[in-house]
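From first to last, the protein sequence lines are chains V and E. Quick note on numbering: the first sequence equals residues 1 to 137 in my numbering. Quick note on numbering: the second sequence equals residues 1001 to 1081 in my numbering.
Keep in mind that the hints were calculated from the coordinates and are not lab data. Incorrect hints may have been included.
Said to hold, decoys possible - Listed next, the stretches of chain V that the computed footprint assigns to chain E, with coverage defined by at least 3 CB atoms under 8 angstroms from CB atoms of chain E:
(1) 29 to 37
(2) 50 to 57
(3) 72 to 80
(4) 93 to 102
(5) 109 to 115
(6) 120 to 130
Unchecked claim - Label-pair ranges, simulated between beta-carbon atoms:
(7) V:P127 <-> E:I1077: 32 to 40 angstroms
(8) V:T16 <-> E:E1019: 43 to 51 angstroms
(9) E:Y1048 <-> V:T29: 32 to 40 angstroms
(10) V:L46 <-> E:R1044: 27 to 35 angstroms
(11) V:A134 <-> E:L1002: 16 to 24 angstroms
We treat Cβ as the ideally placed atom computed from N, Cα and C, and that holds for glycine.
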Amino acid sequence: MNETGERPDSERAMVTFPQGLPGFADCRTFVVFAAETGEFQWLTSLEGPAASFLTVDPRRVVPALRYALAPADLVRLRATEDTPLLWLAIVLVEADGTIAVNLRAPIVINPETMIGCQVMPQRSLYPVRHVISAPAV
Amino acid sequence: MLVFTRRRGEAIVIGDGIEIHVLRIGRDGVRIGVAAPDNVPVHRQEIYEQICAANRAAATSDAADAERRAALEAQLIARLK
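The task is simple: from the sequences and hints, build the whole structure.
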């Protein structure tokens, strides 16, 4: 047991976001853990305001997705071109039931260093609010 | 706010290692070059603010609640089918 839920620490990986997340600059340490169901991950802040994000592999949403990381992003993640990285897109469930995924600024985690950042390429083909499902009528 | 007058080719230095260069001056815009260390992200303000707003909208404060988590996950699974 721990303060964020019922599973042991061994199943919860701690990730450091040295720059915080935009809008949550005080949140620099997160745990990432698999959702109970489905292929989703929760990203939960361990400091600053309580904040959890439901995330999904962006390629689960758009299989042909292509992202190019800037050299500075690789430096921040302490990764090389060959490092296998974990990509997570933040899911937004809106008040009316619309579900959208932020494909513009995905979260990238280097599993070797456990450093993460939210990347915002200068130009992107993908929107901040990619609607995957409108509310049922 | 500090206000400077700079000519084309001139620059401003911020702290240790951040340089802002005025590259070109046009009628409606100024082309600016920014050199910053890799640990200092540089973004257009409107994009940065859009991402901040999206993150704030997506954050849930009650995810420690397993039931609330399960409800959100179930919604997502149903829609991704």
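Okay, the hints, checked on the actual structure:
no., hint, result
1, 29 to 37, "holds (count 3)"
2, 50 to 57, "holds (count 6)"
3, 72 to 80, "holds (count 3)"
4, 93 to 102, "holds (count 5)"
5, 109 to 115, "violated (count 0)"
6, 120 to 130, "holds (count 4)"
7, V:P127 <-> E:I1077: 32 to 40 angstroms, "22 angstroms, violated"
8, V:T16 <-> E:E1019: 43 to 51 angstroms, "28 angstroms, violated"
9, E:Y1048 <-> V:T29: 32 to 40 angstroms, "22 angstroms, violated"
10, V:L46 <-> E:R1044: 27 to 35 angstroms, "30 angstroms, holds"
11, V:A134 <-> E:L1002: 16 to 24 angstroms, "47 angstroms, violated"
Checked against the numbered hints above, the structure breaks hints 5, 7, 8, 9 and 11 and satisfies the rest.
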